[in-house]
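Each chain, written out:
There are 2 protein chains.
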Amino acid sequence: MLTQLRESLGEQAVVTDPAVLAERSHDRSGSPAVGAPLAVVRPRSTDQVSLVMRLAHAHDVPVVPQGALTGLAGGANAVPGAILLDLTAMDQILRIDPIDLAAVVQPGVITADLAAAAAEQDLFYAPDPASAAESTLGGNVATNAGGMRCVKYGVTRDAVRSLEVVLANGDVIRTSPPTVKAVGGLDLTSLLVGSEGTLGVITEITVGLLPAPGPVRGITAGFSSSKAALDAANQIMAGPHRPSTLEFMDEVVIGATLAYDPDAGLPTDAKAWLLVLTDARTAAADDIASYVDVVRRHGAMRVDVADDPDRVAELLRARRVLNPAMHALRGDSLNEDVAVPRGRLFDLLVRLAELSDQVGLPIGTAGHVGDGNLHPVICFDPDDPDQVRTAHRTHELVLGLANELGGTVTGEHGIGLEKLSAVDAELGPRLRGLQRGIKDVLDPTGVLNPGKKL
Amino acid sequence: MLTQLRESLGEQAVVTDPAVLAERSHDRSGSPAVGAPLAVVRPRSTDQVSLVMRLAHAHDVPVVPQGALTGLAGGANAVPGAILLDLTAMDQILRIDPIDLAAVVQPGVITADLAAAAAEQDLFYAPDPASAAESTLGGNVATNAGGMRCVKYGVTRDAVRSLEVVLANGDVIRTSPPTVKAVGGLDLTSLLVGSEGTLGVITEITVGLLPAPGPVRGITAGFSSSKAALDAANQIMAGPHRPSTLEFMDEVVIGATLAYDPDAGLPTDAKAWLLVLTDARTAAADDIASYVDVVRRHGAMRVDVADDPDRVAELLRARRVLNPAMHALRGDSLNEDVAVPRGRLFDLLVRLAELSDQVGLPIGTAGHVGDGNLHPVICFDPDDPDQVRTAHRTHELVLGLANELGGTVTGEHGIGLEKLSAVDAELGPRLRGLQRGIKDVLDPTGVLNPGKKL
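For the protein sequence lines, the chains are A and B, in the order given. Mapped onto this note's numbering, the consecutive letters of the first sequence carry residue numbers 1 to 454. Mapped onto this note's numbering, the consecutive letters of the second sequence carry residue numbers 1001 to 1454.
For the record, the hints were derived by calculation from the structure and aren't laboratory data. On a predicted model such as this, the values are computed, not experimentally measured, just so you know. C-beta: ideal position from N, C-alpha, C; glycine also. Errors might be hidden in some of the hints.
Cβ pair distances, simulated, as ranges [said to hold, decoys possible]:
no.: 1; chain 1: B; residue 1: 1429; chain 2: A; residue 2: 309; range: 49 to 55 Å
no.: 2; chain 1: A; residue 1: 308; chain 2: B; residue 2: 1259; range: 57 to 63 Å
no.: 3; chain 1: A; residue 1: 95; chain 2: B; residue 2: 1119; range: 39 to 45 Å
no.: 4; chain 1: B; residue 1: 1429; chain 2: A; residue 2: 45; range: 33 to 39 Å
no.: 5; chain 1: A; residue 1: 420; chain 2: B; residue 2: 1004; range: 38 to 44 Å
no.: 6; chain 1: A; residue 1: 385; chain 2: B; residue 2: 1092; range: 50 to 56 Å
no.: 7; chain 1: B; residue 1: 1119; chain 2: A; residue 2: 285; range: 26 to 32 Å
no.: 8; chain 1: B; residue 1: 1007; chain 2: A; residue 2: 360; range: 57 to 63 Å
no.: 9; chain 1: A; residue 1: 18; chain 2: B; residue 2: 1425; range: 46 to 52 Å
no.: 10; chain 1: B; residue 1: 1425; chain 2: A; residue 2: 94; range: 22 to 28 Å
no.: 11; chain 1: A; residue 1: 400; chain 2: B; residue 2: 1010; range: 54 to 60 Å
no.: 12; chain 1: A; residue 1: 45; chain 2: B; residue 2: 1259; range: 25 to 31 Å
Calculated pairs, DMTMM-like style, for lysine to aspartate or glutamate (alpha carbon to alpha carbon, straight line, at most 25 Å) [claimed, not checked]:
no.: 13; chain 1: B; residue 1: 1152; chain 2: B; residue 2: 1304
no.: 14; chain 1: A; residue 1: 152; chain 2: B; residue 2: 1122
no.: 15; chain 1: B; residue 1: 1152; chain 2: B; residue 2: 1171
no.: 16; chain 1: A; residue 1: 152; chain 2: B; residue 2: 1286
no.: 17; chain 1: A; residue 1: 152; chain 2: B; residue 2: 1097
no.: 18; chain 1: A; residue 1: 227; chain 2: A; residue 2: 304
no.: 19; chain 1: A; residue 1: 152; chain 2: A; residue 2: 120
no.: 20; chain 1: B; residue 1: 1271; chain 2: B; residue 2: 1251
no.: 21; chain 1: A; residue 1: 152; chain 2: B; residue 2: 1158
no.: 22; chain 1: A; residue 1: 227; chain 2: A; residue 2: 97
no.: 23; chain 1: B; residue 1: 1152; chain 2: A; residue 2: 158
no.: 24; chain 1: B; residue 1: 1227; chain 2: A; residue 2: 97
no.: 25; chain 1: B; residue 1: 1152; chain 2: A; residue 2: 231
no.: 26; chain 1: A; residue 1: 271; chain 2: A; residue 2: 354
no.: 27; chain 1: A; residue 1: 227; chain 2: A; residue 2: 404
no.: 28; chain 1: B; residue 1: 1271; chain 2: B; residue 2: 1347
no.: 29; chain 1: B; residue 1: 1271; chain 2: B; residue 2: 1261
no.: 30; chain 1: A; residue 1: 227; chain 2: A; residue 2: 293
no.: 31; chain 1: B; residue 1: 1152; chain 2: B; residue 2: 1308
no.: 32; chain 1: A; residue 1: 152; chain 2: A; residue 2: 261
no.: 33; chain 1: B; residue 1: 1152; chain 2: B; residue 2: 1307
no.: 34; chain 1: B; residue 1: 1227; chain 2: B; residue 2: 1304
no.: 35; chain 1: A; residue 1: 271; chain 2: A; residue 2: 261
no.: 36; chain 1: B; residue 1: 1152; chain 2: A; residue 2: 97
no.: 37; chain 1: B; residue 1: 1152; chain 2: A; residue 2: 286
no.: 38; chain 1: A; residue 1: 152; chain 2: A; residue 2: 314
no.: 39; chain 1: B; residue 1: 1227; chain 2: A; residue 2: 122
no.: 40; chain 1: A; residue 1: 152; chain 2: B; residue 2: 1120
Generate coordinates for the entire structure from the input sequences, incorporating the hints supplied.
Laid out in structure tokens, this is it:
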């Protein structure tokens, strides 16, 4: 099969160099590969992807679709004997349509490159996952990536109009017409978004764009309690000045961040912190005034206002060092990605504090409070076997807590390898059975990303 | 089976009165029932729906889920020997949550009633199908209903967070957690939305709400050509003042409307007409000024501005009489529901005018120009067999035209019975096969709304 692929795709498109295989075998989750892959294959067209799938299907060789490997759940990790289907060479922005407010891209386009190309035409690609400078559109779609702008613009799924997909046997479909509205078929577009490479290989993506927003401006505020910060966030969400970003940090994260970066611009005595941004093109000053008013009415101890890009970058600095700061606290960390109905966030924080006391490990929580999607981080010393064990047990307890509060074990990172058992508990056997049944329809022999997600 | 249902659901919940059966056998599409139903069954709870499905599944009796029967594609029409599962008695708004910005409703809740209940708490249910005063949320979800506000707020799918669904065999599932973000499972919520009763019976709906918008204000403008009106609409869409409604009428519709209602407020000499509304809570005057500026720059011959509810109602009057006015033109009409990429709308109008000349029947086009979703109406004399035949042939040609221009045969009404062959052409055999495969996973014996959609 590899010989045939080399003949059709070219020598350099089929790589078996162990160093390359090792490098392409895992994402950023920290999960190891499930097993050694067969080869990395780098198609440059839909036809080439179709050929790979036809051969893999015929030879019953598993295929793991891959983008930039910035995922956080192991979804793109190697499985034994697999072709790692590296789609990063399919990196063309095929069309940006300023009338239809749409872009057509190949899956290997870097998210930030699409955003920049849209901006050149005074247009806006709204989804903004944290990895946007490196991640690919294909990976964003496969994981239904989130980020800090979802609170105003929704998730990646909300931007996707239509997909070209190569099915497990090599057949090529388009999930729907590229119109804004279309109710002719079942919504296969949404089904493929977030399917983590288990249902098909995404080879072309049509996304909707928006008119360019205004410059980002906003405020940060320190609070004397998490309750006050959450109440302020809820009041902002209930009002007419929907922020483009609404982020939260608790006391543990504030402390860890200040220890890691004393110039992060955080109030040292705060028990909680909010970042509230607007990108409104008109009347942004009204938005800012409203945010200042709300946080002050909730007893904000310190309010910083930023109305130029440099000041905004300063405000974002603290939020951007979340992961390294929490990692540094004990030497290692487990990063969660739970979401609950927004009205349950305070309960979540209370229960996490109790859990932290109970297990004796720091748990700091930050994230997208406007969506109810927070990232609790469990800190532990990797050289202490007790702490390592406790941290992994605590991880399971945090997932259970999310479900207990009516939420989900993953708001934006996905299942991949890491949360398979947790999602079984969350969705239940009947729903899992339906999902596997749907998988069987699209990939009857199970060559696509086996052992992930489903 | 009916005896058992009467015992469990009560005598009055199982109706076999021929007059009731006749009345519940068809929607507003004009399509007749496929055959005589067995009974109308009116459950009052999820458990009762589950019981109906268990029995129907065991006895291989088809079940047609029904709401208010305001559909326009025959999706809820009776099929031979079917239980017409009338869900209108499940009409409770279970919860409105002002923190989580969500509502939980039973499927029989009238759309306008949910909107009113939300408004009482200064909240907003955005989807607004034309039938909102009568249609049910269950029907809206089953058809993924559209309407005049989609241009700003999206379609019904965009409002749905989670569904409780009774499967064909009576099993009850929840498609996802009710959180704003959730990527644990495949997107079964979106799969069920728009599935027209073929995959499951929707028994509870969790929708997202928004903070209440401002009062509706806006403008109408008459143009000397469709091209000028479309160019103005496109420029409005590309700008920062996204309207909450953006509607178009062509010359044929303007003429028919003025003949039907001389006080409809339309300029008699206009070749095209736009209605542009905003519901912004802040800076709405800027929106209006921007719309006036854009339409004037595109040569608008007459601009009416409305900034109070009575004046807005007057502006909407012309749009609201579209169907009776077009119907009156020749005595009968076929109403289409095509959508194309917005950049192809002018081509669509040109081709429709050519088609009208060619077949000798008036075709007037109006609709949701901001979404690229227009409703061409083919007018004919029902007493002239030649015109009837020509009208139906023209209907097929209009659908083909939508596909030829990269669009869809149905933007918001659905497939039901009416467009089965057209959607086969649109989606192709492979996609149709996948959809039927998915149907088989959820409804292996095919009891749910057989012969519709798929």
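Just pull the numbers of the violated hints for me, sorted ascending.
4, 11, 12, 15, 22, 25 and 32
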